[in-house]
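Number of protein chains: 2
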Amino acid sequence: MITLYGASLSPYVRKTLVALAIKNLPFEQIQQMPFAKDAEYQKISPLGKIPALKDGDFTISDSAVICQYLDDSYPELALYPSDPQDKARARWYEELGDSQIGEYASGIFFQRFMRPFAFKQDPDEELVEKLINKKLPPILDYLETEVPAQGFMFGEQLMIADIALCSSFFNAGYAGYEVDSTLWPGVSAFIARVKSHPAVAPLLAAEAKTLGL
Amino acid sequence: MITLYGASLSPYVRKTLVALAIKNLPFEQIQQMPFAKDAEYQKISPLGKIPALKDGDFTISDSAVICQYLDDSYPELALYPSDPQDKARARWYEELGDSQIGEYASGIFFQRFMRPFAFKQDPDEELVEKLINKKLPPILDYLETEVPAQGFMFGEQLMIADIALCSSFFNAGYAGYEVDSTLWPGVSAFIARVKSHPAVAPLLAAEAKTLGL
Chain G
3 MITLYGASLS
13 PYVRKTLVAL
23 AIKNLPFEQI
33 QQMPFAKDAE
43 YQKISPLGKI
53 PALKDGDFTI
63 SDSAVICQYL
73 DDSYPELALY
83 PSDPQDKARA
93 RWYEELGDSQ
103 IGEYASGIFF
113 QRFMRPFAFK
123 QDPDEELVEK
133 LINKKLPPIL
143 DYLETEVPAQ
153 GFMFGEQLMI
163 ADIALCSSFF
173 NAGYAGYEVD
183 STLWPGVSAF
193 IARVKSHPAV
203 APLLAAEAKT
213 LGL
Chain R
3 MITLYGASLS
13 PYVRKTLVAL
23 AIKNLPFEQI
33 QQMPFAKDAE
43 YQKISPLGKI
53 PALKDGDFTI
63 SDSAVICQYL
73 DDSYPELALY
83 PSDPQDKARA
93 RWYEELGDSQ
103 IGEYASGIFF
113 QRFMRPFAFK
123 QDPDEELVEK
133 LINKKLPPIL
143 DYLETEVPAQ
153 GFMFGEQLMI
163 ADIALCSSFF
173 NAGYAGYEVD
183 STLWPGVSAF
193 IARVKSHPAV
203 APLLAAEAKT
213 LGL
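Residue numbers (the working numbering), protein chains in the order written: chain G, 3 to 215; chain R, 3 to 215.
It cannot be assumed that every hint is accurate.
Chain copies aren't distinguished; within one or between two, either way the pair holds.
Stated by the list, open to error - Listed below are the simulated DSS-like cross-link pairs for lysine-lysine, each with C-alpha atoms no more than 27 Å apart in a straight line:
id	residue 1	residue 2
1	K137	K211
2	K136	K39
3	K39	K132
4	K136	K45
5	K51	K137
6	K39	K137
7	K122	K51
8	K45	K137
Honestly, the hints are just simulated from the structure, not real lab data.
Build the full structure now, drawing on both the sequences and the hints.
Below is the structure:
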């Protein structure tokens, strides 16, 4: 039996939930918050980060490591392409989504959503402006040259690269940020396609319900 | 023909050099500096990061993506274990080495070595103290429970997990920091074993020569 630890609103937990949905794997989820000073949870996730996964007696953390593990252990309904060069490109997109896009787009979410609603603090609007106007544009310019006109990064099947590239933009959406479709029409349409995919849409609907949107 | 782009002193470039050494793959190296505003290099590494790899017409960046790619494309002399759970643990150690240990141990190197010698700036000693006394100890406590009494993380063969966990500590060593062998004897001995491995020692000797040490 698989147990996933992590709060659904985390872009990285969401990515792992999509992976489990693509693979049709049964699992239970524990809505673990990150960095909990919880000795039991640290046995599962040594740095206290989310998501973490328990599969029988085996535990592992980090969303990219978990998704690779799921693909290696349950190869049906692939999360990564099989050709080594495509697989490397997929991992590169995933890394881009998890690192820079995570930092910038989830940064907007943290400032404009988490700070006022969860921590009763004002957002750092100077930082948000920098993220929106300086940090994200070069990444979006690059992505505009990479996204396909239809379907997903590696064809008709949604894979990890697709959800990794989009997940933090969904969070930024909760903070009122959308990728400008006049400047980056390809990226904007790509994000919309991922959003409406049957492995993604029900998760976003559940989040909206939790958030009272 | 394989070309590796990146300055040898980067912990991530060094990791990739060790991967190429383990696999006995012929390659040429271009001593590329990171974040160069160089349109040609951005075609190879879209964010300007190092290392990047060119293999025939195929280009890819990010050290973890490159090492996986090398293992997928040239499977002889494995860089990762084959069992899915061991492979996941190896990727987790690599991620730990590339992210937290990279930030903290390479942070010491950046402050105490790069700032004075390359940028003619004073180090931020308050930050260095925090890295040494607050940030690294919990990671070292955890690693002390993980490292084997002899050999490497997955047996007698040096693999990516081993070099990823140690590479930033080698950089910290250039800044005078060594893991305290009275507090973390297992980690200290593990780093020494990796340092003297035949795929690693010649690289460190070449670095020392470049640095005039």
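>> Within, between, both or neither: how does the pair K136, K45 come out at a Cα-Cα threshold of 27 Å?
In response: between (39 Å within a copy, 20 Å between copies)
>> One pair to classify: K45 and K137, alpha carbons no more than 27 Å apart. Within, between, both, or neither?
In response: between (36 Å within a copy, 19 Å between copies)
>> I want to check one pair: K51 and K137. Are their C-alpha atoms no more than 27 Å apart within a copy, between two copies, both, or neither?
In response: both (25 Å within a copy, 15 Å between copies)
> Which holds for K137 with K211 at a C-alpha limit of 27 Å: within a copy, between copies, both or neither?
Replying inline: neither (31 Å within a copy, 38 Å between copies)
> Between the shortest in-copy and the shortest cross-copy C-alpha distance, which are at most 27 Å for K39 and K137: within, between, both, or neither?
Replying inline: This pair counts as between: shortest inter-copy Cα distance 15 Å, intra-copy 32 Å.
> How would you label the pair K122, K51 (within, between, both, or neither) given a Cα cut-off of 27 Å?
Replying inline: Classified as within: same-chain Cα gap 23 Å, cross-chain 37 Å, threshold 27 Å.
>> Checking an output row: K39 and K132, CA cutoff 27 Å. Within, between, both or neither?
In response: between (32 Å within a copy, 20 Å between copies)
>> Treating 27 Å as the Cα threshold, decide for K136 and K39: within, between, both or neither.
In response: between (35 Å within a copy, 16 Å between copies)
Of the numbered hints given earlier, the model fails hint 1 alone.
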